[in-house]
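Trainee: In case you want the letters, here they are:
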Amino acid sequence: MNLIFENIFFLSSEIILTLTALILLMLGAFKKKNSAKIVIYFSFVILIFLSVLEMLIPWNTVGIFNNSIVQNGFTRFVKTMIYFSSSFAIILSARWLIKYDDKAFEYPILILFSVLGMSLMVSANDLITLYLAIELQSLPLYVLASFKRDNAESSEAGVKYFVLGALSSSLFLFGSSLVYGFSGSIEFSEIFVSLETLEANTALIIGLVFVLSGLIFKISAVPFHMWTPDVYQGSATPVTAFFATAPKLTALCMLINILYGPLSGMQDSWFQIVFFVSMASIALGTFSAIRQTNIKRLLAYSSIAHMGFALIGLLSFPNLVGIQSLLIYMIIYLATTLGVFSCIISLELNEGESINEINDLSGISKNYPFTAFTMAMFMFSYAGIPPLGGFFAKYFIFRSAIESGLILLSIFGLLLSVVGAFYYIRIIKLMYFDEPKTVITKSLSKGLSFTNVACFIFIVFFIFIITIAPITELTETAAIALGN
Amino acid sequence: MENWNLLSIITFLPLVGALFILLIPQSNNTSSERNSKSVALWTSLITFLVSILLLIGFDTTDPSFQFVERIVIADGLMTYQLGIDGFSLIFVILTTFLMPFCILISWDSIKDRVESYMISFLVLETLIIGTFSSLDIILFYLFFESVLIPMFIIIGVWGGQRKVYSAFKFFLYTLLGSILMLAAIIYLYINTGSTEILLINERLNINTSTQNILWLAFFSSFAVKLPMWPVHTWLPDAHVEAPTAGSVILAAILLKMGGYGFLRFSLPFFPDASLFFAPLIFILSIVAIIYTSLVAFVQTDMKKLIAYSSIAHMGFVTLGIFTFNSQGIQGAIFQMFSHGLISAALFMCIGIVYERLHTRLISDYGGIVSNMPNFSVFFMLFTMANIALPGTSGFIGEFLTIIATFKVSMIAALLAASGVILSAVYGLFLYKNIVFGQITNEAIEILKDLNNREKFILIPLAFLVIFFGLYPSPILNLISSSSENLVDILNLNSYDQLSLELKSEFNI
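Residue numbers (the working numbering), protein chains in the order written: chain A, 4 to 487; chain B, 20 to 527.
FYI, nobody ran anything at the bench for these hints, they're computed from the structure. Take the hints with a grain of salt, since some may be wrong.
With the Cβ distance kept under 7 Å, some of the chain A side facing chain B (calculated, not the full set) [unchecked claim]:
(1) P390
(2) I405
(3) S407
(4) I414
(5) F415
(6) L417
(7) V421
(8) K432
(9) Y435
Chain B residues, not near chain A, derived (Cβ > 12 Å throughout) [as the list claims (entries may be wrong)]:
(10) R53
(11) I90
(12) S135
(13) E221
Quick reminder that beta carbons are idealized off the backbone N, C-alpha and C, glycines included.
All chains, full assembly: derive it from the sequences and hints.
Mentor: Structural data, given as structure tokens:
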């Protein structure tokens, strides 16, 4: 009995999340009026509560349900970030959702289920659990992508996402079957042990490549990035905001879990893969973003480049400073991205659609100085200009890379970040130097302005926040937990 | 006065002023504009007055850093450490001194988004002062790079016709230059385990080839900022398109960050590499002096002409710094200081006539002396100072630099001295074509002479240019102990070695 209670205690956030989602589903089904509104704010509160809860539960390493799930400092920290950023993604969508269809209570519930999948993904400790968690996370995302039922582009995005996502899942499954076949186990620690004793052979390496391909698809890094621009563009903007934040972080952390866990003995093999993926993502993301005219496509390519930068942190294996830098990078990336989307969602074209083309931003600094200013700061932060958060993200990542002797790679990344600065400051140019072209209305809900201001403060005063808040300490603890 | 946190106060006072402007309700257009202008003016004036306290409390005999403040931020990331020595003090004072003039010169010429304009300038002042007084290399980089943000906005929003092109060029060029410095800074941190300049100086232990690579990384940043030939092409564009006060800040202060960077980082951190690359610097400087002077001569745009002349004058700065003797270093700093005053004054003069005629083409002017006699007097004084006429501050810097260069390489000194003649050629050409000659443009016949605000701006600058031309010792006293100290750090033998190297380089 004690064991069960212990398991339940350490899994409490997932259990609460499941119960909440089910209760909200009932509530939405039986209460007709204002259901979307209630569900949205309730799930926001629950997610905030859970992110606090994750901080409070002891951060020691425990294996749950026969070690199929492992919770440690790393997973706790990542889950805090997932819950926190998802809660913001939910309130970002509040106004849009109520306006679009005030009975669409499924929307936040789908997000909750996806978040549940994410939290299981980061803490999964065997291949079966991991696969189930990935599917639990992905299925709601496919539905969310096609949430605008009456819109052809949105349906296209959903189908495209689903087909390619299914493909990546099958790649992952195939790869894990090979890994299982050669190591004889599905549990991570046993795979690690058997890989230690096993001579590296071709089939195993093929299995590794397949598993990695499946995971790289999820973080939308090159060469499995093709779906990102289309899905970003087709989905409703609040949905894109969600796609760009928590799922990215989760997939990245799952990748860390696998590479630093069962496959840590095969570092020679995966190092080159990650190296190539990182370089190619930075280069392709940066250069493709230059030509984009649609703002969501631009953000899609920019996110590909940012994933490439984050992956640099993985390369300093076995030095855990890289993981710490990666986590800091992701915190800043999440805050900046949520901030950018809060600006974009709050600006609307005449027909009530949120803006799509970059040119729609022309001259908004005249009419909406505050939104334009925050947007400009987010863009400078993306470009890595001090003293904004984005600079520190780049600084930590490249510091860990140079510490591990990856000097040429760092110079390559730094030079490309200058190219990246070009398209970020192009947006600032449109907002500040150009005259208004299209009629833009601004409609702020409480959630939007709250997110906007919170992210703005976080990015602009990052240097003070990192002094006061224990960001470096927490990320360090998380990274060390991974090393054990 | 040590524990008043005087430096922090001076650094962040302008930022407080900027916040005040934000708080001004933006309901009534004209009154809120007037209020923001006066807040900006008073803030910059008070900052200047407070910075005078630095001058009073500064001990010129002490070569170490003074007014030091130190707070550790995010353990291991960086320290918030400010402090000044003679080098920094000169530039801090120059910044705080020029900023009120920048606000004043834009009093009537800026009509669009005045509040944002004033905020940009105050933020810029904070960042510049921070750059010159930080004693932590990451903190320095933070301030140094942040300058791009307000400057990008200033050029892009209030600039001329090709403002977008110029703003982008300025931004990307400088960012590209300094991104390599960031890599080198990270390397220094990893090598020494500290980001504090003093500790890095103490602990740095790297072999010659690494030193050379790191030196080049720092060089790429400072050379673009200064700018040195051949990476100077952003400067004429940025100068031409920026509003008058933007050009003033750019020429008078931002360029000096490059020279300051050489003195603060390149020389003390990498003495061997500096010595190794000194011939390269000599060649680049001399090309800059002669080539850009010639380019300046064929310009049709007044601002572009002054911009090219700035590049030529910066050639003297690098030449002086890399002679490695105290005369050369003092000459370089004096040159930077006096160029700060003179180029600021020249850009303001151009701004004054531009405000009246709205053209920068030299051919549109001619004969303005008949209507603007007072202006012509001031303009002549500053042109002469730019030519480095004895008796003006421009002379002292170039003279000291050329003497110091003479000691290490005669031919370099000869070539550099020819730059003085060339500067006279384009300077007099500019003056003649604008002030004298036939009046061809009807608009010139109804020009009004300087008003009181403009006189108030130009008189102090003119006074200082002449004062330091006749009596340079106050400046030289401030920097002498710091420059002696720097020369001591650089190997004493390096001096003879350099002249040997240069002799072989120039085949004499």
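Trainee: If a hint holds in the structure, say so; if it doesn't, say that too.
Mentor: We went through each hint and held it up to the structure:
Annotation: interface hint on P390 (chain A) holds; nearest CB of chain B at approximately 5 Å, less than 7 Å. The beta carbon of I405 (chain A) comes within 5 Å of a beta carbon in chain B, closer than 7 Å, and the hint placing it at the interface holds. Because the beta carbon of S407 (chain A) sits about 10 Å from the nearest beta carbon in chain B, more than 7 Å, this interface hint is broken. Because the smallest distance between the Cβ of I414 (chain A) and any Cβ of chain B comes to about 6 Å, under 7 Å, the interface hint for this residue holds.
Here the hint on F415 (chain A) is broken, as its CB sits about 10 Å from the closest CB of chain B, past 7 Å. At about 5 Å, the closest approach between the beta carbon of L417 (chain A) and any beta carbon in chain B falls short of 7 Å, and the interface hint on this residue holds. Nearest Cβ of chain B to the Cβ of V421 (chain A): about 5 Å, under the 7 Å cut. The hint holds. With a least beta-carbon distance of about 6 Å to chain B, the hint placing K432 (chain A) at the interface is held under the 7 Å criterion.
Nearest Cβ of chain B to the Cβ of Y435 (chain A): about 5 Å, under the 7 Å cut. The hint holds. In this structure R53 (chain B) is separated from chain A by more than 12 Å, as the shortest Cβ-Cβ distance comes to about 19 Å. Once the 12 Å rule is applied to beta carbons, I90 (chain B) is inconsistent with being away from chain A; the minimum gap is 9 Å. Not every Cβ of chain A is farther than 12 Å from the Cβ of S135 (chain B); the closest lies at roughly 8 Å, contradicting the non-interface assignment.
For E221 (chain B), the shortest C-beta to C-beta distance to chain A comes to about 21 Å, beyond the 12 Å cut-off, and the non-interface label holds.
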